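S.K.: Sequence:
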Amino acid sequence: MGKTIEISPFEIGRFSDQEIYDHVIEFHSRSNYSLFPGTAPRCYLSSAPDKALAEMIESELSIWPGIKPSAQLTSARTALLRDESAEFFDDASVLEFSVIDQLMTNSFCARSSESRKRPYPSGGALYPIEVFVCRVSNNVDNWPTKENILHLLPLSRHLEAMTIHAPDIILSNLSGGDTGLLGQPHFALVYAMFFERALFKYRTRGYRLALMEAGSMYQTADLNAQALGLRSRVWAGFTDFQVAKTIGIDMRHMAPLVVQFFGNANN
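Residues in the sequence shown are numbered from 1 upward in steps of one, following full-length UniProt numbering.
Treat the hints as calculated values from the structure; they're not laboratory data.
Hints may be right or wrong, so weigh each one.
Here are the simulated distance ranges between beta carbons [unchecked claim]: (1) Glu58 / Gly180: 20 to 30 Å; (2) Glu87 / Lys117: 26 to 36 Å; (3) Glu58 / Met212: 21 to 31 Å; (4) Cys109 / Ala79: 40 to 50 Å; (5) Ile25 / Arg82: 24 to 34 Å; (6) Asp90 / Gln18: 22 to 32 Å; (7) Ala79 / Arg111: 19 to 29 Å; (8) Pro69 / Ser29: 40 to 50 Å.
Values in this document were obtained by computation on a predicted structure and should not be read as measured data.
Just so it is clear, CB atoms sit at the ideal spot from N, CA and C, and this is done for glycine as well.
Using the sequences and the hints given, assemble the complete structure.
M.R.: This is the structure:
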């Protein structure tokens with residue numbers, strides 16, 4: 001693979017179209033919302049009644065209901081099957097950092113010393129999604145730094161120290177204060193988009209590609225976690241600015257898209 005190329009955010013920003021950048025930032029910011037314990041019970045995202053929402057959950061969409069003929073799939077499942085999302089985590093047992101190390105390596109790092117390609121697809125191999133690993137439990141042994149939030153460098157396979165926060169504070173901030181619905185996971189991954197890297201080549205199309213890439217990444221991490229005996233839950237119920245401040249990123253250039261919690265759980 002040769003010498004690993006490290007680039008700075010300022011280097012990528014030189015090639016950005018400011019008009020496209022401003023448009024995407026404005027659009028993306030419309031998906032931000034704030035969650036605070038005092039106001040959460042009075043906040044809602046949908047005006048649909050509970051009965052209608054219940055009918056939509058876990059349903060399928062037919063384009064031609066009762067009009068066009070359909071064909072039945074008859075094969076039994078033989079491939080790797082993803083576990084259901086964890087409903088409630090329990091950190092009673094100790095998790096060794098070596099398990100997290102293995103998960104990060106298998107899910108996100110370059111395939112070999114001869115290749116820069118990572119284990120998930122990326123439009124134009126630009127890889128605009130950055131991964132931050134966060135310790136949210138004291139029951140993780142041999143964490144490598146005093147900082148409980150680390151940024152993955154997937155080519156050199158290093159973890160870049162970010163910010164110092166107590167695990168319980170990190171958990172509260174990443175979950176939007178709703179820790180009662182999660183239980184106690186061991187660690188979390190935050191997937192964040194670096195806007196300049198997503199947009200400078202494919203412009204607005206790059207935004208769509210980056211969102212798809214994040215989904216590929218957390219699915220890859222989920223399957224690798226399952227192989228390591230862990231469960232996961234993808235989580236979007238957080239306040240964007242609070243998560244950004246917690247992990248130490250500047251939302252003028254980078255924004256958290258989704259959080260994925262990991263640990264032991266019994267559904």
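S.K.: Please write out, lowest number first, the hints stated earlier that are contradicted by the structure.
M.R.: 4, 6
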